[in-house]
Structure formats: C-alpha cells, structure tokens
Amino acid sequence: MKQHFLRNWSKVRGRGLLLGAGLAVLAGCDLIEFSPNQTHSPDAYSDLTAKNLAALAQRPVPTAGDTLRFVFTGDSQRFYEEAEDLVRSVNRQRGIALLLVAGDISDFGLGREMRWVHDKLKHLRVPYLTVVGNHDHAANGRKAYQEVFGALDYSFTHARTRFIMLNTNSREYRFDGTVPNISWLERQLADTAGVRRQIIINHVPPMDGDFDPQLEQPYVRALEHAPRVVLALNGHRHSFSIGEPYRNGITFINSYSFERRRYVVLTLWGDHEFRLDTVDF
Amino acid sequence: MTFSTLLLLHLATADAGSLAPADTARPARERWYVPSHLLVHTAGGQGLAAVGTGWTANHNHLALEAVAGYLPKKFSITPIGIFTAKATYTPWQLAVRSTPWRVQPLALGGFVSYSASRGINQTRGSKYDAGYYWWSSRTRVGAFLGGSAGRAFRPTKRGTARTAMAYYELGTNDLYLVSWVNGRGKLPISSILTLGFGVRVQAW
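These protein sequences, in sequence, are chains B and C.
Going by full-length UniProt numbering, the first residue of the first sequence is number 1, and it counts up by one from there.
Going by full-length UniProt numbering, the first residue of the second sequence is number 1, and it counts up by one from there.
Since the hints were made in silico from the structure, they are not lab data.
These numbers come from a predicted model, not from an experiment.
This list has only true hints and no planted wrong ones.
Each computed BS3-like pair below joins lysine-lysine, with the alpha-carbon atoms no more than 25 Å apart:
1) K51/B x K74/C
2) K51/B x K122/B
3) K122/B x K186/C
Examples of chain B residues lying across from chain C (beta carbon under 7 Å, computed):
4) S35
5) E84
6) F108
Distance ranges between label pairs, derived from CB positions:
7) V178/C x R247/B: 40 to 48 Å
8) G131/C x M207/B: 18 to 26 Å
9) E224/B x S126/C: 32 to 40 Å
10) L38/C x M207/B: 54 to 62 Å
11) H123/B x S126/C: 39 to 47 Å
12) Q122/C x H238/B: 20 to 28 Å
13) A143/C x V195/B: 47 to 55 Å
14) V34/C x K51/B: 49 to 57 Å
15) V40/C x G194/B: 55 to 63 Å
16) G125/C x H238/B: 19 to 27 Å
17) D191/B x V141/C: 43 to 51 Å
Ideal Cβ positions, reconstructed from N, Cα and C, are used throughout, including at glycine.
Using the sequences provided together with the hints, build the complete structure.
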C-alpha cells in the first residue's frame with residue numbers, strides 16, 4: 001500500500017514539477033529569477049513610460065479650454081496597500097489627464113518592486129508617469145528602472161504643457177557634477193515650440209542635501225531664465241510643502257508620499273495660473 | 001495553483017514519514033573536510049548558472065553547501081558573481097519500492113548570498129552617512145522549501161552510495177519578505193516567491 005502510494009506519488013510529483021516549471025516559463029512571470037538584482041523585465045512590464053505616453057497621446061484632454069488637471073504624488077516605495085487605495089480614489093476624480101509620481105517607485109531598487117507598483121497603478125483610468133528616485137538607484141535599480149519604465153531624463157508635452165522629468169539624485173552619482181544634467185534641462189526649457197507652460201518634475205528638491213550643491217544655483221538659474229515655468233515639483237521628503245524658496249517667482253511643491261494617504265490635484269490654466277486641491281484617501 | 005499543488009503534495013507525504021530511510025547503512029566516509037557531493041544549480045536568486053559543493057551531516061539529513069553562481073551582463077549593469085552558502089534539512093529519504101529511485105519529499109533550507117558586481121550601487125559606502133539605507137544591496141538572506149527525486153547507482157568500492165538527485169527550491173528573500181509584510185495582504189504571497197532547480201551528484 002505504502003509502496004504503491006510512493007510509486008504513484010513520485011509520478012505525480014514528477015508531473016507537478018514539470019508542469020510548475022513549464023507554467024512559470026510560459027507565463028514569463030517572476031518566479032524563475034536568477035537574482036533579485038536582475039534587470040530584465042517581461043514585455044508587459046517594460047517601456048512603461050513609452051506606453052503611458054502613447055496612451056496619453058491617444059486621450060483627449062478631459063478639461064475644457066486651456067485647463068489641464070493632473071494628480072501629483074510621490075514615493076510609492078513599499079506602500080502597496082496605500083497604492084491600491086490611491087488608485088481607487090484617483091479613479092473617482094473628474095477631469096484628470098494624468099498622474100505623476102515624483103520618484104522612489106521602489107524601495108530597494110529591485111525590478112520586482114517596480115512591477116508590483118505597476119500592478120497597482122495599471123488600474124488607474126489615466127496614464128501615469130514617473131521620474132527616477134534615489135531608492136530606484138540602489139543595487140541595479142538604475143538599469144531596472146530603465147528596463148521597466150525608460151529614460152532617467154525625458155520630457156513630453158500635453159495640452160501645451162511641457163513636463164520635464166529630470167533625474168536629480170546627485171548623491172547616487174557621488175556629486176560628480178553630471179546629475180542633474182543642467183545642459184539637457186536648459187535644452188528642454190529652450191524648446192518652447194507649441195508650449196505655453198513648463199513644469200519640472202524631480203525626485204530630490206534642489207535645496208536638499210542629496211542634490212549636488214554645485215548644481216543648485218545653475219539649476220535655479222536655468223528655471224529663472226525660462227519664462228514659461230509654472231511649477232517645480234519634487235518628492236523625496238515624504239511630506240507636503242509649497243513655497244517660493246528662492247524668492248524668484250517659481251513655486252516649488254513637494255508631494256505627499258503614498259504612505260501619507262493624501263495627494264494633490266493640480267489644475268492649470270492660462271500662462272501661470274494654478275489651483276491646488278488636497279485629497280485624502 | 002502550482003504552488004498549492006506542490007504544498008498539498010508535501011502535506012500528503014507527511015503520511016509516508018513512517019517509512020524507513022533509504023540509507024540506514026553507514027558506510028565508511030572520507031574525512032569530514034572532504035565534500036560529499038557536487039551540485040549544479042539555476043535560478044532561485046543564485047545565478048543563471050551555478051556550481052557548488054557540499055557536506056552532509058546527521059545521516060544525510062542535513063546538507064551544508066557553498067555555491068558560486070554567475071549572472072551575465074545581459075541581466076545586469078555588469079556581470080554578477082553570486083556566492084551562496086546554504087543549509088538544507090531533509091527529514092525523509094525514501095526509496096521507491098526496491099528500485100534505485102529515491103525521493104526526498106520535503107526539504108527546508110536557508111541561505112545567505114553575496115552578490116559581487118562592479119555595477120551594483122552599494123547601499124553601504126562612502127556616499128552615504130551611516131544608516132542612510134538600512135539594508136545591504138549585496139547580501140541577501142532567504143529561506144526555501146523544496147524536494148528532490150533521483151536515483152542511486154552502483155556503490156563505490158568503499159561502499160558509499162552514488163546518487164544523482166534533481167531538486168527544486170521554492171523560496172523568498174529578506175527584502176521580498178519585508179515588502180510582503182509591509183503590503184499587509186495587498187501583495188499576493190506568490191509574487192514574492194522564487195523557484196530554483198538543481199542536481200546534486202554524489203559520486204565518491
């Protein structure tokens with residue numbers, strides 16, 4: 001009896017193993033992983049920036065006139081429960097064109113974390129776009145981010161509003177003077193064809209100790225010289241703030257992190273007008 | 001689905017625990033420091049391809065192994081050498097009837113691994129003040145459960161068994177576990193699992 005059981009069992013077990021392995025490979029899922037630091041990402045979880053930009057381009061601007069409304073948040077790292085509730089809340093808002101995450105998508109710089117966050121944010125009814133954070137640079141995170149999302153510096157224009165997503169995680173590059181890339185920023189700011197307003201989105205704000213101190217003034221000057229800048233948006237600090245820290249007319253807003261269960265809705269119109277609403281979730 | 005099948009199989013085999021272990025005879029062994037087996041391994045966070053060696057204790061129920069794995073640049077910023085030390089406990093070693101086939105329906109194990117790679121951005125280093133990041137990006141700690149099946153071959157002249165056993169390890173690591181705990185049920189347990197495979201060969 002026991003022997004019979006064993007004989008059958010070993011057959012079943014052999015099939016189970018083969019089936020398990022086969023299914024995992026077929027599904028292209030994360031189960032078979034060579035290293036948590038591996039940067040390769042399945043098709044459904046790669047080039048998400050390009051995919052979201054394509055989706056954004058397909059959508060009509062949901063607000064009338066020259067008005068643009070979007071959700072601004074940051075630091076989703078490890079807050080999966082909050083991410084679900086945030087998505088539910090944002091999906092109830094009206095007139096939202098897109099959602100911006102101001103970096104630190106992951107906590108440990110692991111590709112799997114970025115996919116877990118996407119598994120929550122993919123349920124948004126609007127496209128979402130991210131900028132890279134310092135935690136997204138841990139371990140192999142920089143390349144994992146590039147595979148899952150895309151470029152570390154990029155810009156796009158929607159409803160005549162230019163969004164400039166700039167990597168400002170200088171400490172991760174040992175303050176070597178290359179990050180943030182000021183000349184790239186200046187080029188984006190100079191390209192104003194069809195652009196009525198410009199918004200800069202960073203993870204680390206320029207007045208933070210993790211921002212290259214040698215580049216703080218060049219960054220601020222670049223923004224000052226660009227006549228169409230409406231807002232500079234940052235994350236990293238996990239708490240909300242709004243102000244004109246450089247007393248030069250440029251408003252800086254720091255996002256709530258996911259864990260705060262609060263986000264802001266920004267509504268822009270005209271050349272410089274904006275309204276900020278806070279939503280609890 | 002597959003996980004629950006495997007888990008159910010584990011539970012089912014608990015009933016077979018009363019069967020006598022296959023290798024109750026204890027032939028003379030090499031000195032303690034001579035490894036008892038070699039292994040080849042893939043995935044489970046231990047590299048695309050890995051080789052290792054190990055020692056067994058406690059009547060082959062406990063295996064201690066050192067594994068060196070490799071992950072090519074295609075999957076990384078720069079290639080990674082992954083060095084893993086693992087301990088595996090196998091409570092049951094069963095022979096299938098009087099055939100040479102052997103089954104170890106359950107294995108419980110833990111590992112520590114170190115990933116060496118120039119491109120890995122270290123979380124501990126001169127760039128940061130102490131405690132800036134609390135975890136190490138290079139050292140992982142993990143646990144797994146698994147099983148193995150294989151066969152015995154003609155014993156050596158000294159009377160020790162020659163065996164080749166294929167095994168699997170279903171596990172996770174510290175950072176995935178922390179994420180899962182933090183997710184408070186919003187990350188499925190399957191999302192933090194990793195599956196590794198290998199073959200252990202004892203030939204001397």
